[in-house]
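Numbering (our numbering), first residue to last: 9 to 187.
Everything labelled a hint here was simulated from the structure, so no lab data went into it.
For clarity, every value in this text was computed on a predicted model and none was experimentally measured.
All C-beta atoms, glycine included, are put in the ideal place defined by N, C-alpha and C.
Don't take every hint at face value.
[What the hints assert, rightly or not] With beta-carbon atoms standing in for the labels, derived distance ranges:
hint, residue 1, residue 2, range
1, 43, 95, 18 to 24 Å
2, 107, 38, 28 to 34 Å
3, 118, 97, 20 to 26 Å
4, 97, 52, 21 to 27 Å
5, 100, 153, 21 to 27 Å
6, 171, 37, 36 to 42 Å
7, 69, 150, 28 to 34 Å
8, 111, 62, 26 to 32 Å
9, 141, 40, 24 to 30 Å
10, 88, 174, 31 to 37 Å
11, 36, 119, 39 to 45 Å
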Amino acid sequence: MGRASGTEPTTSPVRRLVLLRHAKAEPPSELPDEQRPLALRGRDQAVKVGAALVASGLVPDAVLVSGAVRTRQTWDLARKHLGEPPVAFTDDLLGAMPRGVLALVRELDPATRTVLVIGHEPAMAGTAELLAGPGSEDGALAQVRVGVPTATYSVLEADAPWSDWDRKLARLTEVTRPA
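Just need the whole structure built from these sequences, with the hints factored in.
Laid out in structure tokens, this is it:
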């Protein structure tokens, strides 16, 4: 007996990149910047981000997280909703510029369809702006041009393999701040 129409497995070539700025951190103090933890508000934001990603169908197949304490804590709280995808913690996202983030994206496993990157400003908004090309949502593009607040994510989509992602290749479909 055959499958009912519309129930065939999807083999869509679309890849989605979700760029998340970490949740609200404690203000600068005597601690080195990369050791600043999340503020109480940031903890609440991180949990809400995880729930919002699930509600939007943006459950990642892989996750890249900056080595900073606040990004690791953001992931630890958000992942309660997102399961256990493979995670890579990398100091390459600390102080990264958009081209540095793009270099990490280009190295992703070709089979991966949805990737979550948790990093810092101005790299998260800058990377979204760098990649946003024709078909991008105007309001989302305006937002990434001025930067994004904490616990805000941008979603980009493209049919190209990760290794081919480059300037103006993707569609910026949304910028969301769930918390």
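Taking the hints in turn, this is what the structure says about them:
1. 43 x 95: 18 to 24 Å: Once the Cβ atoms are compared, 20 Å apart, the range 18 to 24 Å for residue 95 and residue 43 holds.
2. 107 x 38: 28 to 34 Å: 32 Å Cβ-Cβ, so the 28 to 34 Å window holds.
3. 118 x 97: 20 to 26 Å: The hinted range 20 to 26 Å holds for residue 118 and residue 97, with Cβ atoms some 22 Å apart.
4. 97 x 52: 21 to 27 Å: 23 Å, holds
5. 100 x 153: 21 to 27 Å: At 24 Å between Cβs, range holds.
6. 171 x 37: 36 to 42 Å: Holds: the Cβ-Cβ distance is about 41 Å, inside 36 to 42 Å.
7. 69 x 150: 28 to 34 Å: Hint holds: Cβ distance 29 Å, inside 28 to 34 Å.
8. 111 x 62: 26 to 32 Å: 29 Å, holds
9. 141 x 40: 24 to 30 Å: Since the Cβ atoms of residue 141 and residue 40 sit about 37 Å apart, the hinted range of 24 to 30 Å is violated.
10. 88 x 174: 31 to 37 Å: Since residue 88 and residue 174 have Cβ atoms about 34 Å apart, the given range 31 to 37 Å holds.
11. 36 x 119: 39 to 45 Å: 40 Å, holds
Hint compliance for this structure: hint 9 is the single one not met.
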